[in-house]
Structure formats: structure tokens, C-alpha cells
Amino acid sequence: MKRAGFTSAWLPAMLLLPQLAVIAIFFYWPAAHALRSSFYLQDPFGFGETFVGLSNFTSLLTSAAYSRAAWFTVFFTLIVTFGSLSIALLLAVKADKVIRGAKTYRTLLMWVYAVAPPVAGVIGLIMFNQSWGPLKEFFALFGWDFKLGVNYFDTAFAMIAVSIWKQVPVNFIFFLSGLQSIPKSVREAALIDNRSATGRFWDITFPLLAPTGFFLLITNITYAMFDTFGVIDTVLKGQPGNNPMTLVYKVYVDGFRGNDLGGSSAQSVVLMVLVLALTVFQFRMIERRIHYT
Amino acid sequence: MSHVTLTALRKVYANGFEAVKPASYAITPGEFVVLVGPSGCGKSTMLRMIAGLEDISDGTLEIAGRVVNTLDPADRDIAMVFQNYALYPHMTVRKNIGYGLQNRKIPKDVIAAKVAEASALLNLDDYLDRKPSQLSGGQRQRVAMGRAIVRDPALFLFDEPLSNLDAKLRNQMRIEIKALQRRLGVTSIYVTHDQVEAMTMADRIIVMNAGRIEQIGAPAEIYHTPATTFVASFMGAPPMNLLDGQIAGGAARVGDHTVMTDAPAAPGPVTVGIRPEDIVADPNGPLTLDIAIVEELGAHRLLHGTLAGQQLSVHVGKDSPATTGPFRAALKPGAVSLFDAGTGERL
Amino acid sequence: MTTHKRRLRLSTVVDHAILIAGSLLMIVPVLMLVQMTSMPDLINMKTGPSLSIGDQWVPNFEKAMFQADGFSGINTGTRMLMNSFILGIGFAFGKIFVGMLAAYAIVYFRMRYASLAFWIIFTTLLLPLEVRILPSYEVVQRLGMLNTYQGLIIPLIASATATFFFRQYFRSIPEELVEAARIDGAGPVRFFFDILIPLSRTMIAAMFIIMFVYGWNQYLWPTMVTTEEGMFTLVRGIKQITQMLEGNQIPEYGRANMLALIAILPPVMIVIFFQSWFVKGLTESDK
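Residue numbers (full-length UniProt numbering), protein chains in the order written: chain A, 1 to 293; chain E, 1 to 347; chain L, 1 to 287.
One should not assume that every hint holds.
Here are some chain E residues pointing at chain L (derived, C-beta under 10 Å) [what the hints assert, rightly or not]:
no., residue
1, ARG10
2, TYR13
3, PRO73
4, TYR88
If you're looking for bench data, these hints aren't it; they were derived computationally from the structure. Please read all numbers here as calculations on a predicted model, not as lab measurements. The C-beta atom is built at its ideal place from N, Cα and C for all residues, glycine as well.
Sequences are here, hints too, so could you generate the full structure?
Structure, rendered in C-alpha cells:
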């Protein structure tokens, strides 16, 4: 709040009303509902429900399918996060360095941000097409018989590749803007103090980029866990079968297609707890994070 | 008759911090009063209470005969110039100056006339259709002034208006503001941490420290007879030399040196204050200083050294000899101020 | 006569090589998509993407825009394009409207329960729609809002991203501006319209672009709440696109890829044309 704020009783209430109404109806109500349903067993035909305590959770924890999805989510998230972050960092450092064509490179490297995840998935389907996909053909040169949708590993590979491709631009934008906000004087001082460009990068640039990098780390984990739904759904053509899937996709498959509302709600609650833990971790890190200004 | 009257005005924040201790004073019509003190001393808080930007915890505030404690800033008949000017960046100079009048539902032609009058006064005629970002620092400062004077307020408030300008421009604007205030005859309260601004601009200075008013007086009075050691050390550059001394046998002494023979104080420890320019070179003088550094300033010189082991500075003319080493000196008559060694109050 | 030959440094060459490789990585897959939209479906089915440019753009475009599937016959490309615009613009507008008002209340007013309101609002940043997708669906169903634009748009607004963004921005505006405005006799409503909105123009534009792209690209939520074909957005319609490639004798690659292309074109164009605003808006939110 500003020091000299306005004083009025009804005006701020009116201003807050739309926001509060929307989140009460479409955020808190559903969230509470999910919490509640996670303790109930719903009749699949919508007739009544029974309180079952924690049994939805225990059956989750003992389910082999769930733990497979959980482990896949962990690997998927790690690879997508670090893959897209490192490619984006490399490109941002180079784009920040070159003098000619810097603007053109920036445009060329960022526009994919606007491509919807499922469209990225469709593009993936072309690239890995069974009969003539360019990447499939390329891998065949090395004797890799790529089978999208049939082979578990190959399908996971395609999902990861498309997810990284879709996420590099946004990371690139943030890294580039982080690099450009490093004061010129600091760069010049580093230029005088350190002869090696690699040394300068690791000693000066990288630590100064750490706050941006940390912010992106959290953003990317959230992206990989949630926003890749569209990629996965299109790559799997809506037919999960025995293919890899992430936890969010499983919530959807079990709850919306399988009509297991209790189990799916329990999964939602587990995800909520995961996200909350991640956020608490983020806030604690931000509190500790060093401000260089 | 007074124009602005503060009676035991006080500010306590929610966390219990007392930013302004009960303060009372009265300002006469047309007077230019400067509130001066180090940052965090409460001077800005006091100004903001007068402006209505900060709630008043206790006491009463009257402007032009009305108690305005609970009035909105817009209803107090004041105008304010901010440190960063607070110009509306998306409005032209013309709109910036006229905005306050426009909100008062004043007819358009009247606004235009008043804006024209103010801009003529401030030499802003060529810039009326520019945005603040296209102006220099000094011009922005003038626009902020224009915004204030166009309203014909009962009271001008200035919150460190010159601190964002470079030294040369600051000197020039100082004179301009002072001249403008004289010409308009509007009562003004001016907050600054710069003692030079305070000395040069004020009719009366109010020196504040740690939420408390240390002294109120005309510039010369503040300078020559500071009420406390704080005022003595805050006003003047370099500040008054403050030395630990003793009163014995009616004389004030610093070490072995007698600085005052008829000291009006009881025997015991005392703080001795001497302005640097009140120490003059005198081959037969009673004091022997040890000078360590000479600062050459062209028109005059500053000598830094010790007297009886205590740091002090001496301000001498350019003709006065200046070398490091022993320096014989005398004091001008009435040069010595004595302060209570414990409380810092003038004796 | 001497000519100064600029020495081309190896490291510069490597830098450009990396950047060009990265750019190609981003562009080539989409170019393949574009190339396939120019070819007859039979050739696409046999050979996939190639270097030749065909003459099928117009027919494929016409099929994509005006041919409908399903029982209703109304989910043409035109219809989906319209729905996408409604979702993108409605979402961006709603988000900015709700967010700006709330942020204004939070930043510029002294309120009782201010911190309570703050926490109620900003807790929503913690849980993305995806984790509460099923209960949200049930709520929308119970309110009878399935297959409506309200049901499509409003639940997506139920988080505080824009509010948080505007709060950060408002806090960066110098305090003296509101003080000067108060002395100039501007009340809260006047301050909002005369000072705050004009000052925030760039930020509003940036936010609009980001939110438009975000809304346009929504997939999971539209998939759940719109089951009537007349309500499909382009991105939601992707499912149909992939099915076109599965069911038919000759998969309709030309039409499917054309639809995919139409789905990415508006947001991509906006991001490219308003690049500087977009980047500013995106990176400011980090602060």
C-alpha cells in the first residue's frame, strides 16, 4: 500500500468484488470440492457417495500405474526443465554477444512462444511420423527404429523433444533480458579483470543471472508438470494405452474418461500439495536470494 | 497575527515510533520558513502532516485561521513541490499546470489565462506543449513550481525541491525560488537537509533532530548562537569546532589553553564551540595549534589540525600564511560558545 | 594501395553458427507444416514433407475454413477462428479488467482486512487450473455453464496473475504522483482515469498481448467444457485435426495442417509485431 492511500470504505470493496467473486466461485469452491471428494467414493453413475477416509490416497500410493506415472513425471520434468533451460541459456548468451543481426535472431528464437502446445504436438507427429517423419528417418540412419506410440521410450522421447522445443523461447526471452540488465560497467570491469571469456561467464555472468535462472527453474517445473498436457494429449492421439503419461494427464484420464472421481480428486490433492511445496520452497529461496542492486 | 499555527503537533506511527515529538510554532504571513535537519529527523513527516498526506496523531494545525487537521489535502488551500517533482508524465506542461484547477471546475478560459500567467513568470512559454520527459531538470523544477503557483494557495510547501539538481543549477534555482516567493508574498515552508539552502533562503530556520525541534531562529541567530551542540555541528561548513574543555577559576580551558577568561558557568567539564573562521593567525596569540593538512580553496584556505590533541579546523583568508606544523592563533572576541557537556544545551 | 580486410574471428563465426542452428530448429518444423499445406493429400500421405511447393494452398484453405465435420456441420474453420478470438479477447479483457481494479484497491487504498484480501487473492497463484480441473468442471456444470462462452472464459480468469502483475507495476509508480494528485484535488476515481490508466497504457497493452496468447492457446479447459461443435476453438479443434489423420482412407494432411497453421498464425503475428511490449510485459512480472 502506498503511504498516502485513499480512504474510502465502499470503493475498494467494489473494486475487489469482481476478483473475489470469480475466485470464490471458480477457485476456492472447486479446490474445497476436490479436497472433499478425495475422501469419498463416488458412484460411477452419479448416485450418491460414501465416505472412505484416506482409502483413495492409500490406493493411489499402492497403485503401480500411479507410481509409474509419478516417476515418469519426475524424469520428464527434470529433462524438459534442464534441457530447455540450457539450450535457451546458450542461445541467449550468444544472442547477447553478437552485434550483427541480434534483433533478427531474437525474433527468430522467440516466436514459437505463441505456438499452442497441442499444435506443437501436431508438429511433433509430423516430425516423428511412422512412414516419413524427417526425424524418424534421421534416426533410422543410426539404426534406431523409432516407433511413436508403440515403443514406450520412443514416445517419451518425442514428448520430451516437443516440450523442450516449445519451452526454449520463453526461457530465451528471460535469459536475454536478464543478460541485458547486467550493467555495462560490470561487464567492462570483468573484461579488465579476467582474460578468459569462459571464466568471465562462470564468474560474473552466471551468478548475476542466478535470480532469473531460479525464477525460470520454478516456471519450467510448473510448465513441464501442467502446461505440457496439450503436447502429451496430441502426441498420444488421445489414446494413452501403455504409453508414458504425466500425473496431470492421469488426473484427466482417470477422472474425466474413467469417471473415478474420488481417485482423481485424491490425485488432484496430491498435485496441489506438490505445487504448494514447490511454492513454499520458491518463497523461501526468494527471501534468501541476494539482491545485487 | 499568524498564518500557520502548530500546537503540540505530533506524529506516532502504528509501530510506536514517534517521528515528530510535540511541536509548536507559528508562521507569520509571507514568511519563508525552512525546516532543516539530517535525514530521518522528522522534517518531511512534519511537512506531510501540514500537507494532509500524513495523519496527525495529536495537536492542532491551523492554516489561515481554520483548523485543518482532518481536511483532505485538496481542501487545505496549499500547494506542494515534490523532491522528484511528481509531474504527470503523460500530460503536457500545460495540462500538468492546469490539472489542479481543472479538478476545481474552474472555467477553461480562466485556466488558460492562469497557466499563461504562470508560464510567463517561469519562462516556460516555449515548453507548454512538451511532455515532462522532454524537459531538463531545471525546467521540470519550474513546471512543478508553476503547478504550485497557478493555484494561488495560502501556503507553499517544498519538499527538498532542489536535491535532484546539479550544484550549479541548484544555486540558480535557489535564487529563483526565493525571488518568486518574495514577489508572490506567499507564506512558504521549505524542507531541506542542506544547511546552505536553509541559511540562504530562510527568513526563519527550524532545526530538527530525532523528531525534536532543536532551535527556531533567524539564520544569523542560528549560526552565531546555536542553542545546542547539534545545531552548532549541523549548521556551517565546515561545522563549528566542538572541543572538550574545563571551567576552572572562572576561565574556560581546552587542555592548557585558555579560550575564555570570564566563563559564565560553574566549574567542571564543558563543551567549547568555536567557529573555524573565528580563529585568526596571530604570531603572538595565546593558542598553538598543530596543523596537519592544508586545503587550498582559492578564495580561502582550510587548515585541519589539533589543539591540545583534539581535532579542529581553521578557516583563513587567502593572504594568511598556511603551512603544516605549529600555528600560533588568537580568537576573535565573543567567538566562544559554551555548551553543557552532558546535555549539549547552550550555557 | 592497401585494403583493410576485417579479420573474421573464429569465435564470432561459432556464435553465429549456434544462433543460426537455433533459429533453424525453431523454424524448420513449422516450415514443414506450411509446405504440406500446399500439397495434395495423396502425396503428403506417401512422402510427407519435401522441398517442393504445390498448388493446393487455396483448396486446402477453403476446406479448412469452410468444410465442417460431425453431425452439426457448424464447426468450420471460420467458426473455430471466431471462437478462438472470442476466447482470446474475452479472456484478456476480463483478466485485465478484474486484475486492474483489484490491484488498484490493494495498492492505493487504506483498508481494513487489506492483508486478508491480499492473501485470499494471491493464494490463487499457487494452484494452476490444471490441478483443480475436474472440480472446476463440476462447478461449471452445476451452474449450467457448459458449452457457453462464460463457462469457457470466466473460470480461466480465476487466478491472480494479472492482479499480481498490476500490483507490481502500480507499486513502481512514484508515490508522489498520487500525493500530487490529491493536492490537485483528484479523488480516487479521477486519479484512476486521469493518471493511472494513461500511465499504464504500455503495461495494459503488454498484458493484453500475453493474456490473449494465453487464452487463445488454452487446450485442456476448452476440451472439457465445450462439447458442442459450434463452441470449439481452433486449438480445441486440434483433436479433430489428429482424427482427420487417423480415420480417413486418405488422411487430410493439407486441411489438417492448414487448420494448425491458422491456429498459430494470429498469436504468432501479434507476438512478432508487438515484440517489445510483449517482452517487457513478460519479463516485468518477474520482479
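Output the indices of the hints that this structure fails to meet, ascending. Hint check: 1 and 2 fail, others pass.
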